[in-house]
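Chains as they are written, first to last, in my numbering: chain A, -5 to 154; chain B, 1380 to 1800; chain C, 5 to 872.
Treat the hints with care, since some could be wrong.
As the list claims (entries may be wrong) - Mimicking DSS-like on lysine-lysine, the simulated pairs with C-alpha atoms at most 27 Å apart in a straight line are:
#1 C:K425 x A:K4
#2 C:K407 x B:K1582
#3 A:K154 x B:K1510
#4 C:K69 x B:K1582
#5 B:K1582 x C:K406
#6 A:K68 x B:K1510
#7 A:K9 x C:K425
#8 C:K69 x C:K407
#9 C:K425 x B:K1452
FYI, nobody ran anything at the bench for these hints, they're computed from the structure.
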Amino acid sequence: MPQVTTERLKILRGKIYELMELYPSYQAALLPSFFVAEEIFGFISPEAIGEISNVTGVPAAEIRGVASFYAMYKTKPMGRHIIQLCTNVSCMIEGAYDLVEYLKEKYGLTPGGTTPDGRFSLVIMECIGACGTAPAMILDTDSYENLTKDRLDTLLESYK
Amino acid sequence: MDERIILRNTDDPLNASIAGYMAHGGYKALEQAVGELTPRDIIDEIKSSGLRGRGGAGFPTGMKWQFASLDPKFPKYLVCNADEGEPGTFKDRPILEHNPHLLIEGMIISAYALQSTRGYIYLRGEYPHAKRVLERAIEEALASGYLGNDILSKHFRFNLTVHSGAGAYICGEETALLDSLEGRRGLPRLKPPFPVNSGLWGKPTIVNNVETFANIPYIVSQGAKAYASIGVKDCPGPKLFSVSGRVNKPGVYELPMGISLREIIYTHCGGIKGGGSLKGVIPGGISTPIIAPENIDCPMDFVHLPKYGSMLGSGAVMVFDDTVCIVRVYERAMKFFEHESCGKCTPCREGTAWMRAILGRIERGDASERDLETLQDVAENVTGKTFCPLGDGAAGVLLAAMKTYREEFEYHIKNKRCKVQ
Amino acid sequence: MIKITIDGIEVQTDREITILEAAKQVGIEIPTLCTFKNLSPSGSCRMCLVEIERLSRPQTACTVKITDGMVVRTNSEAIMRARKAVLEFLLINHPLDCPVCDKAGECILQDLSAKYGAAAGRFKEGKRTNPVSFEDPVIVRDMQRCILCTRCVRTCDDLQGAFAISVINRGSHSLIEPFSGGRFDCEYCGNCLSACPVGAITSKLHRHTYRPWYIERQVETICGHCGVGCTLTLQMRENTIIRVIPDFEKGLNSGMLCVMGRFGYDYTEHEERLRSPLIRKDGELVPVSWEEAVEFTAWRLKELVKKYGGGAVAGIASGRCTNEDNYMLQKLIRYVLGSNNIDSAARLFYRPAVSYLERMFGQGITANLIPGIANSDGVFVAGGDPTTINPVLGIAVRSVWKKGGKVFVVGKSGGLRSNIKHELNHAEGAGALVLTWILAKVYEKKNFISENSIIDKKLSALKVPDMDMLVRVGVSPEALQYTADELVRLKNPVVIIGPETVLYGNGSKNLFLLGALNYVLNGRLFVLMDEPNTQGCLDMGCSPGVLVGGRPVELETFGHKMENTAGMKTPEGTGLNLFEMINGANSGSIKAMFVMGENPVFNIPDKKKVESALQKLEFLAVSDIFLTETASLADVVFPASAWSEKDGTYTNLERRLQRLRKGTMSSRGRADWKILADICKALGMKESYTDVKSVWDEISRISSVHSGVRYESLIGRGGIWPYGGEPLRGIEGDFEVEGLEDMPELPGFAQSGRVILKEDKSLIHSSSLSRYSPALMGVASEPLLMINPVTAQSLGLSDNERVVITSDKGTAVAILRADRGMPEGVAALSNTFKDNGFRSIVGYTIDPTLKSLNITDRVVTIERAKQL
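So that you can see chain A by itself, here it is in the shape it has in the complex:
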């Protein structure tokens, strides 16, 4: 997990100022700022919330409220790579829950959990729009579809 340093907070601040240019209200920059904070700190850390609050003027309590509303934000520290596996209906009927079981057996990964070595976290997703090529997942920021246990194995191997 990247440490919180004044240098990193400064980078975040600069990015937020850029984002605020894109909207007529400062608050609108919140959602994109959260993604930036995750990039810099790995998750939306309390320090990042403080900085976002200072720059945008949005009260910290409200920032927490907003961030916690959206399922994809990392509001706590997570693994290096995030497996976002869909188990919604189309993926389910094509065997997504078998993959969930498999991840548990092979990697000790449970939904919402992280491997002991901090390499992977597993997040169960609601539909990710890959129903025609189910089951599917987003690994970090790349989509992988038509998954099987073997394919999952090979894919995870390439994420160290």
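The hints should help you fit chains B and C onto chain A, whose structure is shown.
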């Protein structure tokens, strides 16, 4: 020659770039619109084309535009709803990933018609690749003078930003989307006022679906008449159907409005996978009621489906064969609704969680006849009483499934196991 | 005219109201949970669903506006089922722990369940659990009981403007967080407590010790903490206040209270309350009877007046005491003992500020209504944070912003930081510089033609600093330009003046600049007032130059009126002010002093000097509720009644007269007016008073501004200025502005390692009184030193460290708290807690023009405290 309108040239990998798109005649409609037509002309054309919004509600697009255009407040905002989160839906994805300039061109024409200077594409966070494609396409359009402060040297200004969602189905509801775009929790707003009068930051705002915008260049360049000749009366034009589940060739199909489910499944998608028998079809995404096999001749459009007790929704066709357990499908669906309920109103917040819990027990074989009654009653207590359509949809689809597949629910209760397997 | 039918009853109205409001007009009650007074409708609980003809879905009565011809049904079978369903949904995860819930008996969920709820449960799924939290100092939150109506969140955001809580998570996992516990922006106002319809937010005070039906009596009274004068209700059992609640129907505060008003009442029951009169015998204060204390005091005063003359006696009045108390003190000092030496702590800021502004524009220029602030389109604040000095006035300022109006703050923006567009925070001492520029710019832009030649002449004499100077004191040109541009556009502006305009020098110039700005803008003036009756204290003549009704003592006609109406002969001469009294005591010209409800040793700077001056007196009498630093030096101490124990009247900063009502019985203390009347009587006063009303009657006979105001009529608008008497308008004549034509100087900056100290007014505390409130001490128990983080770092100090602050006048200890709102090189310390506070370690001079406090010796060193 590609006959398709919306998915046209999407097989060409270069189509996502502005050069490729222009090689296929892209941005001609925009030049025509800005060069020859007044904003009023375009709104009239869209009105007479009969185009209905492709997001799910099927509201006439021209009428929506007219409302916003009559509102004297400025600036006016243009928002593209690219938050297709409805399970089963992936129809906008090929546009976003392979035909981004068609969407952008459609939005620029719309902006010109509505005298809007600022646009946002609210893109679901689950589409990271589409985000990269769109951002590049916007840069290209900016560099080519189709976006920016002086578009085509006509003193027409329009800027466009991709705004990522972050995993909240409710933000597909347009007022929740607006709250989310403003940097808040994505809760649906009280209506009235409607977004056309008081949307983003209280200003007149048009929110249209990706597919809706993708229809605009064609209507402008080919005329409302040509457009209206496609599809059926009251529901003209092409429609994207994203087909998933137990068919041989799932995928996104561009077909005329009013095509029957049977044709989609058997003619275009190659029939049922593994040769099994059809058990049921969800025609428009998980929040549209399931249709039994005997009704699959129904025409797929906004007008006819309600007569079969369902809705066109997003056109996400989910096909279930006899290997699929309906109880399990609806338990999973309810888990989705529970997860996605924003929590604002009581019946949806509490009802979806309660229904999911009962469904879970039924699925596991841990329920009684009384539980089925309770489930029915809870669903009825949610229906028609929620703040927005989410909870209504959740209860409505369950009630429909319980009606059509009652024996399957009862089987679970009686035999403590699933009928399938 | 809109006509609709609800349950067959016709309702007619000419306003576009909601169905809920229309139904209420004809006595049809539609149950609601998420609707609440003063909050915009949410439509989320779904309890108020009704059927509307021709609509297929039921609609929420709280959100749907009526339209002509609408036919509504609120009692159909379907609606009854819907209500039952909503209640069932709310109860499935509710702990149903009513027997141990403090809300039981006044819980809307409980009441509605009794009325509409189901008879049996059918939820088998296991309840959701949510945390119960005790980490907040004044409230307990139990999210298991929460029904997510968001009334608390909307109150915090839309009314209080603190934005301290939010719904977090989503769907059935939603809960409200984080409230206080020192995190984020909680102001501990407890307005969420009034808003909560269930037991999710309950008070920590008296937890589990009462039920609503234990309340035996309730009394509507006025808050005794600050100059706003909020209406509140004391709820009592036996002789104890069980709680304080706001009244949504009455008072200027529309149901809002602040932390001091809602929770800070418990000092009245503090164990250190004085219970008996005390007389110093052999160096020790020992309990004596009331008769002995009164006789002794009368005898000593008489003796000393005989020996040294009336001019050797002085009285210090108090803005915490009622009008009647203050009236009686000035009667004792002026008319019984024959001295005009009477003053109060109003001398420190409020009195000079108000009288200077009245000198410019006439009596009552600051008498404007607080609720009216909300209708303003722009508020200009200088010299102090209204959200901490007068919190409920502060939230009116925030509401201006909420409605799209503009807020400008010169100096630290504090509690208004979310409501301003640009900071106008400046280097210490540069306030006049900034104000001069703004005034000059506005004057120029407005093209103002003055009808007041005196002000006009002074305006043209002003020397305007250039932008360069302003940048050097840390203000951005953009902020200044914006301020000037926007101020000129305002149609209905408000100017709010706080104590810092006077306390740290340039007093007359700052007041002139702000008064003139208000004049040019055609605005309304407010002067912040930290005690509940400072204005009343002045109106009662407790200021050396002013008689009852605010009439100047030098205008002889008023002296004659006193004599004619009441047979009282006004002594000659102007009398000494507070500082002159201290000097007099020091030099030996003042021999006796009566101090009522004031603690000059702690509240006047230079503690050592004040202490030694009072020690030199031949006789010092103090009436108070605690043995304060001052009372412990006295020869006789009278235990007074506390705020909740007495009747009388307060005059707030709007000059609104309001009635204080007795709730609890006094713990053997007596009302100050009564103590004083007994002493006067013992000294030969012929009038006698049966109760506080009889004192008021005398006031209304004598005072020109209060003439004819009946005690009983002081409710609602009855007490609004002008009371029906004659205010003194348009005193034509020049007034002095010190250094008018001088270019304001750039402030000298402290040497490195030294910091300039200011006074910090905490939101939580009400001067030195609230140190006796366990509730408020629970929120803030130690003095804090607020300091800019960069400055702290340069001193090698970090957050939460215990530090020693040393000046030429003394030392104080506090916990360091980094605060980005403080300018560099400046720190702020409160004046509340036992041991040395801000005023104990600074010195003062007297402003030559205003005769007000000018605090000096503010350069301090700050070091880490040695480990204990």
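Hints versus structure:
{"no.": "1", "hint": "C:K425 x A:K4", "verdict": "holds (22 Å)"}
{"no.": "2", "hint": "C:K407 x B:K1582", "verdict": "holds (16 Å)"}
{"no.": "3", "hint": "A:K154 x B:K1510", "verdict": "holds (25 Å)"}
{"no.": "4", "hint": "C:K69 x B:K1582", "verdict": "holds (22 Å)"}
{"no.": "5", "hint": "B:K1582 x C:K406", "verdict": "holds (17 Å)"}
{"no.": "6", "hint": "A:K68 x B:K1510", "verdict": "holds (19 Å)"}
{"no.": "7", "hint": "A:K9 x C:K425", "verdict": "holds (21 Å)"}
{"no.": "8", "hint": "C:K69 x C:K407", "verdict": "holds (22 Å)"}
{"no.": "9", "hint": "C:K425 x B:K1452", "verdict": "holds (24 Å)"}
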